[in-house]
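Colleague: One letter stands for each residue in the lines below.
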Amino acid sequence: MTYNSIVLVKQVPDTRTVTGDVMSKKGTMNRSAMPAIFNPEDLNALEMALQVRERYGGQITVLTMGPLKAADILRDALFHGADNVILLSDRKFAGADTQATAYTLKSAIQKIGDFDLIFCGRQAIDGDTAQVGPQVAEKLNLPQITYTESIASMDGDEIIAKRAFDLGSEIVKCKLPCLLTVVGSADRIRPASARKRIENKLAAIPSEYPAIVEKWAEFETETALAAYLTERNLEITVWTAADLDVNEDQLGLSGSPTQVYKVNYVVLESTESKEVPPTKEGIRELIQELIQEYIVG
Amino acid sequence: MSDNRNVWIFVEQEEGQIADVGLELLAKGRELADTLESQVWALVLGYQVAPLAERVIHHGADRVLLANHPELELYRTLPYSRVIIEQVQAHQPYIFLLGATPVGRDLAPRVASATNVGLTADCTDLQIGDYLLKKEKREYKDLLYQIRPAFGGNIIATIVNPKTRPQMATVREGVMQPNPPDLEFSGEVEIVEPSFEPSDFALHVLSREIRQPTVKLKDAPVIVAGGGGVSSEDESRLIEELAHILGGEVGASRAAVDAGFFSHEHQIGQTGATVRPRLYIAAGISGAIQHSTGMDESNKIISINTDPDAPISKIAHYKIVGDIAEVLPLLINALREKSR
Ligand SMILES: Cc1cc2nc3c(=O)[nH]c(=O)nc-3n(C[C@H](O)[C@H](O)[C@H](O)COP(=O)(O)OP(=O)(O)OC[C@H]3O[C@@H](n4cnc5c(N)ncnc54)[C@H](O)[C@@H]3O)c2cc1C
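From first to last, the protein sequence lines are chains A and B. Using this note's numbering, you'd call the opening residue of the first sequence number 400 and step up by one each time. Using this note's numbering, you'd call the opening residue of the second sequence number 2 and step up by one each time.
So here's chain B without its partners, still in its complex pose:
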């Protein structure tokens, strides 16, 4: 095992656009590397992606491993894993992080299996800390604590990989905060020449469709979210109207999505988006842990609920005990009045 303590980040790109989670991971990676007094290395794979290297450096990478090749234009498991496994084996990083995106979750297990290392999926937090392995009476210093919800979100588990390197994890989109670019930050770019095998091309992409997200929850300053308390189209329209007046976006709990009032793209929580708006209005949402985990860092939370003891009231800054059918119109009218 090499003794460098470098933190590697797979910076995912799609048609030359860096995925948000790539920037989020660079920020987290920088923080971890600073704690470890080591470097951040970023892996950028694609075709005609050389211009991305500078941006990646400004977001905190000391070194960019850049593989630029026509066969890497569209993500495919085998060519991408070939390049990455080779680099991981050659440099033996200490930590390797990928986004828990469809691509990251396809790629990470491949790399972990080939290098025989542990991998933790879908982390929501990462920290550096020590671990006492009782069986060996041995303390492992400065391991990566890989923190993730488990068992349907009812528990939070901290996982470590004491013995294998790199310590690998995929990280949920939206839970880490990206840093603004630092134009002063300098780093190196290393060009990686892929050496493919014919078997790497067992799969061809015949066609591909990528939709632009129509719901922009992540950057919305205000979110008005409906839950199981929404029982009619009229009520769901009130939610939309309030969100509109506030210049915000519509969110939903799973109960409201399952009931068909909102599409899955609106879902907030463990199996939806993670958000931290300036204002979150939870209308008819009980505040189950799988929901609150996606919104409890909102700056201000207002709950509207007929049940004064619903769990949401524990995290709400303002609690309105009442029926959404009555309270939503009051809010809408009060806001209309003030803008007059």
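The shape of chain A in the complex, shown without the other chains:
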């Protein structure tokens, strides 16, 4: 039996490398100084899907919602071995909270239709909410296996998987179709294959065509490029709201029940601090003081 997978991925600013360049002295943020990357745990999710395909066969479709620039991570997904990739991009999707995001993703998954497994990373590093996976599962009425670290086996319409969380782990058996969220301790993504990289180098969305025509002399016009890409199945599918069966009131910012009331930049408040010399005498006095104040017993 083969299993078809959908992998949900996100392009995120690399908040892990927030450095001096990103945060100004006043505490404001320069987002352009943060590179946009493939959300790390989504790569673990993609690897898990690739392993299922290796063992049992099936197709992998990678789906993301984001600005047109998110086509970058879909190309990456192709380099790593995804069969199909789809970009959900529309101004109407912008500003979505997890609820509106899950609604949009659910609608796209229903359009894709044929799947046994949905994989996503446990959480995205730009929000750390870990909500979208379970919300998508709920909207599709599917069981969920959160914090999945590995798949032990698949048999008929059942999967056996290991969940790993703080201070514990579980082996669970679940009916398919189901949704899995994958943790960072799962297997790392395999390196992109050189062959896939070459084959998919030109995979693009239409808004990228002008730049490609400019760069590659062999395509004289966008039409010629489009024909070439179609023939090789290298057009990255872009779906807008109009392509989905959705209620527009539930999309994007206006479809989001949560609203950001305010944002404060974090500035440490100064405390009166006493400088203690790093000498025997200085330290001894410090200890005395702490004992007198009952801080040290």
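Incorrect hints may appear among the rest.
[What the hints assert, rightly or not] Below, simulated DSS-like cross-link-like pairs (lysine-lysine); rule was C-alpha separation at most 30 Å, straight line: (1) A/K595 with A/K574; (2) B/K219 with A/K561; (3) B/K315 with A/K661; (4) A/K491 with B/K138; (5) A/K561 with B/K217; (6) B/K135 with A/K679; (7) A/K673 with B/K142; (8) B/K164 with A/K661; (9) A/K491 with B/K339; (10) B/K219 with B/K142; (11) B/K136 with A/K491; (12) B/K138 with A/K673; (13) A/K661 with B/K339; (14) A/K679 with B/K136; (15) B/K339 with A/K538; (16) A/K673 with A/K468; (17) A/K661 with B/K136; (18) A/K673 with B/K219; (19) A/K661 with B/K217; (20) B/K339 with A/K673; (21) A/K679 with B/K142; (22) A/K491 with B/K164.
These aren't lab readings, by the way, just hints derived from the structure by calculation.
With chain A fixed as given, assemble chain B with the ligand onto it according to the hints.
Modeller: Only chain B with the ligand this time, still in chain A's reference frame:
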């Protein structure tokens, strides 16, 4: 929308033990309900958990919704969400809080999605306040301000759900303070009979392992934490020794955990534990916001740092400018001397 302003708390339990975050949320819930002049309702799910109800009431619940069923013995997403979604739909609470634990973070989005309400993850503070929705020129009174770090902890965002009820949030463990039990406090217990569907049992737990935490940061009176300034096993041993002499626990910044000197269980900060000991000694820690957010409410902070201008010195009560390799032995010796 119903107009009650009740605050619901999901009180997580594991093998009949109430999770600490459950008690922390009951205390916060009580405070919010008092501000709103409403009630605290607690949800307790499990098997043979009836004895927990009284304890939950003593921690401030006016009413306990108790679902006691063999199928609820181990947490599983679908049976638990079935019970909770049904109760939420039947009673329409104003606020619903869960711990940001592996269970709470699995369950809360399920409930929020089924009831089409907003959910904020991993809050570190909750307050009641008003919100002016400019587009509608309408003021929403007494909303729940859901406050959480965002963007890698570099900003603090306040989120509101003006229109959907309940206003749902998960709350970080350890940031709210539990109240001592009040044996005089009285409340009611309502038994909830679950009505499961066969599809709720799509998932079986074949085996389960829960480790007891070996590092007890939360209740430690003293924490000695090492950071990126720790550069050898000898130095990390000095940290352990100092913690031992002070009867405290060893903490670490992410830099020191990443460098392999301490395990992740020791990590303090946004992606680690939140602590407020009587004394916190930061040894070779710069004081990045993601770290300080987990320890800045410590009663007294001592920093040992070669850089006099490291951000930690802003929040330290005592600043020792020096190398940990020299300062830690001085501290250890001074303490040994005094106990002689
Ligand atoms: C999303 C996110 C979550 C994060 N979560 C956490 C978290 O939970 N906890 C956490 O700690 N960090 C966290 N971080 C990382 C955080 O931003 C910092 O990178 C980290 O705290 C740095 O640790 P440090 O100050 O110990 O190390 P460094 O930045 O390497 O600083 C070392 C300090 O030691 C001093 N020093 C060096 N040598 C010596 C010496 N011999 N003697 C004395 N002083 C010396 C230096 O002057 C410097 O101040 C997170 C980051 C992100 C983006």
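Colleague: Give a verdict on every hint.
Modeller: Here's how the hints hold up against the structure:
1. A/K595 with A/K574: It is violated: about 33 Å lies between the C-alpha atoms, which goes past 30 Å.
2. B/K219 with A/K561: With a Cα-Cα distance of about 29 Å, the restraint between B/K219 and A/K561 holds, given a limit of 30 Å.
3. B/K315 with A/K661: 25 Å, holds
4. A/K491 with B/K138: 23 Å, holds
5. A/K561 with B/K217: Given pair A/K561, B/K217 holds - Cα atoms ~27 Å apart, limit 30 Å.
6. B/K135 with A/K679: 61 Å, violated
7. A/K673 with B/K142: This hinted pair is violated, its Cα atoms lying about 44 Å apart.
8. B/K164 with A/K661: Holds - the C-alpha atoms of A/K661 and B/K164 are around 17 Å apart, at most 30 Å.
9. A/K491 with B/K339: At roughly 68 Å apart (the allowed maximum being 30 Å), B/K339 and A/K491 break the hint.
10. B/K219 with B/K142: 36 Å, violated
11. B/K136 with A/K491: This hinted pair holds, its Cα atoms lying about 18 Å apart.
12. B/K138 with A/K673: 50 Å, violated
13. A/K661 with B/K339: Distance ~51 Å between A/K661 and B/K339 Cα, so the pair is violated.
14. A/K679 with B/K136: Distance ~64 Å between A/K679 and B/K136 Cα, so the pair is violated.
15. B/K339 with A/K538: Status violated; Cα separation ~64 Å.
16. A/K673 with A/K468: Violated, because 51 Å separates the two Cα atoms, which is more than 30 Å.
17. A/K661 with B/K136: It holds: about 16 Å lies between the C-alpha atoms, which stays within 30 Å.
18. A/K673 with B/K219: 27 Å, holds
19. A/K661 with B/K217: Distance of about 35 Å is beyond 30 Å: violated.
20. B/K339 with A/K673: 22 Å, holds
21. A/K679 with B/K142: 58 Å, violated
22. A/K491 with B/K164: With a Cα-Cα distance of about 20 Å, the restraint between A/K491 and B/K164 holds, given a limit of 30 Å.
The structure does not agree with the numbered hints 1, 6, 7, 9, 10, 12, 13, 14, 15, 16, 19, 21 stated previously, though it agrees with the rest.
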